[in-house]
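Residue numbering for the sequence shown follows the numbering used here, starting at 8 and increasing by one per position.
Relax, there's no trap hidden among the hints.
Using C-beta positions, here's what the derived DEER-type ranges look like:
| no. | residue 1 | residue 2 | range |
| --- | --- | --- | --- |
| 1 | Trp246 | Trp93 | 55 to 61 angstroms |
| 2 | Asn105 | Ala75 | 20 to 26 angstroms |
| 3 | Pro375 | Gly283 | 34 to 40 angstroms |
| 4 | Thr47 | Ile297 | 55 to 61 angstroms |
Mimicking BS3-like on lysine-lysine, the simulated pairs with C-alpha atoms at most 30 angstroms apart in a straight line are:
| no. | residue 1 | residue 2 |
| --- | --- | --- |
| 5 | Lys341 | Lys56 |
| 6 | Lys207 | Lys95 |
| 7 | Lys487 | Lys475 |
| 8 | Lys241 | Lys56 |
| 9 | Lys341 | Lys475 |
| 10 | Lys111 | Lys95 |
| 11 | Lys100 | Lys111 |
| 12 | Lys207 | Lys111 |
| 13 | Lys56 | Lys475 |
| 14 | Lys56 | Lys487 |
| 15 | Lys241 | Lys475 |
| 16 | Lys341 | Lys241 |
| 17 | Lys487 | Lys341 |
| 18 | Lys100 | Lys207 |
The hints are simulated quantities; they were obtained by calculation from the structure and are not laboratory data. All values reported here derive from a predicted model rather than from experimental measurement. Ideal Cβ placement from N, Cα and C applies to all residues, glycine included.
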Amino acid sequence: MAQVVTAAETLEDKLTQELGYDDHFHEHHHGDKYQSNFLTTYIFSTDHKIIGRQFLITGIFWAFVGAAMSIVFRLQLGFPEADLAWLKPLLGKWIQVNDAGIGKLDPEFYYSLVTMHGTILVFFVLTAGLSGTFSNILIPLQVGARDMASPLLNAFSYWFFFLAGVVMLLSLFLSTGPFSGGWTAYPPLSALGQASDGSKAGMTMWIVSMSLFVVSALLGGINYITTVLNLRTKGMNMWRMPLTIWAFFITAILGVLSFPVLFSGLLLLIFDRSMGTSFYLSEIVVGGQILDRIGGSPILYQHLFWFLGHPEVYIIILPAMGIVSEVLSVHSRKPIFGYRAMVYSILAIAFLSFIVWAHHMFMSGVNPFISNFFVVFTLIIAVPSAIKVFNWISTVYGSNFRFNSASLFALGFVSMFISGGLTGIFLGNSAIDIQLHDTYFVVAHFHIVMGIAAFFGMFAGIYHWFPKMFGRFMNETLGKIHFWGTLVGAYAIFWPMHYTGMAGVPRRYYSIENFDSFRHFVDLNQFITIAAIVVFFLQVLFIINFFY
Numbered sequence: 008m009a010q011v012v013t014a015a016e017t018l019e020d021k022l023t024q025e026l027g028y029d030d031h032f033h034e035h036h037h038g039d040k041y042q043s044n045f046l047t048t049y050i051f052s053t054d055h056k057i058i059g060r061q062f063l064i065t066g067i068f069w070a071f072v073g074a075a076m077s078i079v080f081r082l083q084l085g086f087p088e089a090d091l092a093w094l095k096p097l098l099g100k101w102i103q104v105n106d107a108g109i110g111k112l113d114p115e116f117y118y119s120l121v122t123m124h125g126t127i128l129v130f131f132v133l134t135a136g137l138s139g140t141f142s143n144i145l146i147p148l149q150v151g152a153r154d155m156a157s158p159l160l161n162a163f164s165y166w167f168f169f170l171a172g173v174v175m176l177l178s179l180f181l182s183t184g185p186f187s188g189g190w191t192a193y194p195p196l197s198a199l200g201q202a203s204d205g206s207k208a209g210m211t212m213w214i215v216s217m218s219l220f221v222v223s224a225l226l227g228g229i230n231y232i233t234t235v236l237n238l239r240t241k242g243m244n245m246w247r248m249p250l251t252i253w254a255f256f257i258t259a260i261l262g263v264l265s266f267p268v269l270f271s272g273l274l275l276l277i278f279d280r281s282m283g284t285s286f287y288l289s290e291i292v293v294g295g296q297i298l299d300r301i302g303g304s305p306i307l308y309q310h311l312f313w314f315l316g317h318p319e320v321y322i323i324i325l326p327a328m329g330i331v332s333e334v335l336s337v338h339s340r341k342p343i344f345g346y347r348a349m350v351y352s353i354l355a356i357a358f359l360s361f362i363v364w365a366h367h368m369f370m371s372g373v374n375p376f377i378s379n380f381f382v383v384f385t386l387i388i389a390v391p392s393a394i395k396v397f398n399w400i401s402t403v404y405g406s407n408f409r410f411n412s413a414s415l416f417a418l419g420f421v422s423m424f425i426s427g428g429l430t431g432i433f434l435g436n437s438a439i440d441i442q443l444h445d446t447y448f449v450v451a452h453f454h455i456v457m458g459i460a461a462f463f464g465m466f467a468g469i470y471h472w473f474p475k476m477f478g479r480f481m482n483e484t485l486g487k488i489h490f491w492g493t494l495v496g497a498y499a500i501f502w503p504m505h506y507t508g509m510a511g512v513p514r515r516y517y518s519i520e521n522f523d524s525f526r527h528f529v530d531l532n533q534f535i536t537i538a539a540i541v542v543f544f545l546q547v548l549f550i551i552n553f554f555y
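The whole structure should be built from the sequences, with the hints applied where relevant.
The following block contains the structure:
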C-alpha cells in the first residue's frame, strides 16, 4: 500500500513539473496556505468556470431588463388608447397623466426604450451573455487547459462588462432620460446634444458604456484566441477541436478585428459632441440656425458602425451555431455530419461578414454599382449557411434521437435560422430593399435570425451544460413547456410583422393609428403585443427552473 501511495505522489510531482505548476500553486491547490471565502470564490474569482457563471447570471438579468422594456413599448403600439397610469409608480414622469387621470407613455421615452432594448439585447445579452458564458466555461475544458491563458485578464473582461452595464443602467435615471436615437446611434441625433433630451447626458453615458463594453470584448477575445492557439492539450491539432471551440475561436477573432472600429467611431462622435469638430456634421440646421460645422458626413459613421455591425451578427450567431452542433451531435448519438465542411463554412461566414456591411446602407446614397458588389456577397453567405443547415439535418436524420429540453431548443434554432435566413434574401437585394427598408419586415427578419435563434442556441447550451455548471439537472417538464411556448410565441410575434412590413408600416413609430393606410394594422399590433406578453411570462418558467 505504501508503494502505491509513493508511486502516486511521484506521478503527481512529475505531472506538476510537466504542466508548469509551481510550488506556490501546489500549496494553494492543497489548501495549506490559502483560505477562500465568498468574495474570492464567487465575486473576484479568476476561475474560468466562475467567470462564465458571472457572465451568464448578468446576461440573464439584462435579458429581463431589455425584455421588460419591449413589453412597455409594445403596450403603446398595441393599445395606443389604453390607460397606462398604473405604470407611473415604476416609470415616474415618463407616464404623462392628463386631467382625466389617463396615463400615456411619453413619446421621447418611447424612443429611449426602443434604443435601450436594442443596445442591451444585442451587446449585453447576445454578445457578452452568450459568448462570454460558454467561451469561458467550455474553452479550457474542451481543449484540455487548466484555465484561460490569462485568468486575471479574464476577470477584468467580466468587470469591464459589469461596469459598462452599471453606466448604462444609471443612464435610465437621468432627468433628461437615456439616449433615444436608436441602438445604432446615427448622427446627427447622437452628435448634437440640442437635438433632443435623449441626446444630452444620456447619449454621453451610452458612449461611455459602449466604450467600456468594447474593452471587455477585446480583453475576452484576446484571451480566448491565445488559449485556443497555445494551450491545447498534446495531440489536439486544430482539426481535432470540437465545433464549439471553432465557433468561439472565430467569434473572438471577429470581435478583436471589428470592435476597435466601433471604438474609433465613438471617439470621433465624442469629438463632434464635445470639441466642436465635424467628422459627422455638415451644415446642420437646428432651430432655424445653421450650425458652424462643415465638411463632415453621417455616412462616415454608418460605415464605421456597420463595419462592426455586420460581423456583430455573426459574433452573436456563431457561438449559437457551435453549441447547436454539439447538442445535436450528442443527442443524435453520433458524430456531426461533415465536420470539415462545418469548419470551412464557419471560416467562410467569418470572411464574408467583413465585406458585406454596406447592405445596411442601400438607402443611404451608396453608389448603385458599388451596391451590386455587396448584394452578390450578401447572397453568397447563404451558401455556407445552407451547408451548416444541411449537415445539422443530416446529423439528426436516421439517428436514435433523444428529445429533451436541450435538443428541442437546438432543433428550434435550426427552424428559426432557416425561417429568418429566407427573409434575408429579400433584404439582401438592393432593389427590394427600397420597399422594405426601415419597416417591420426588417424587425421581423433580424429578430428571428439573430435574436430568437441566438436565444434558442443559448437555451440549448444552458439546458445541456447546466449539470456541468451547477451540478444538477434542470426540470425537464418545465423545460419542454418553456420550449414549446417560446417557439410558438416567437413565431406569433414576428411572423405577422412580415406582413405589416410588406405593407410599408415603418418601424420605431410611436403610433400608427393616425395613418389612414396603416390604421387597419392596429388589431394585428394588439395580437403581437399579447403574444409578446405571453412569451415574456413564459421566461419566468425558465428562471424558476434555473433556481429550482
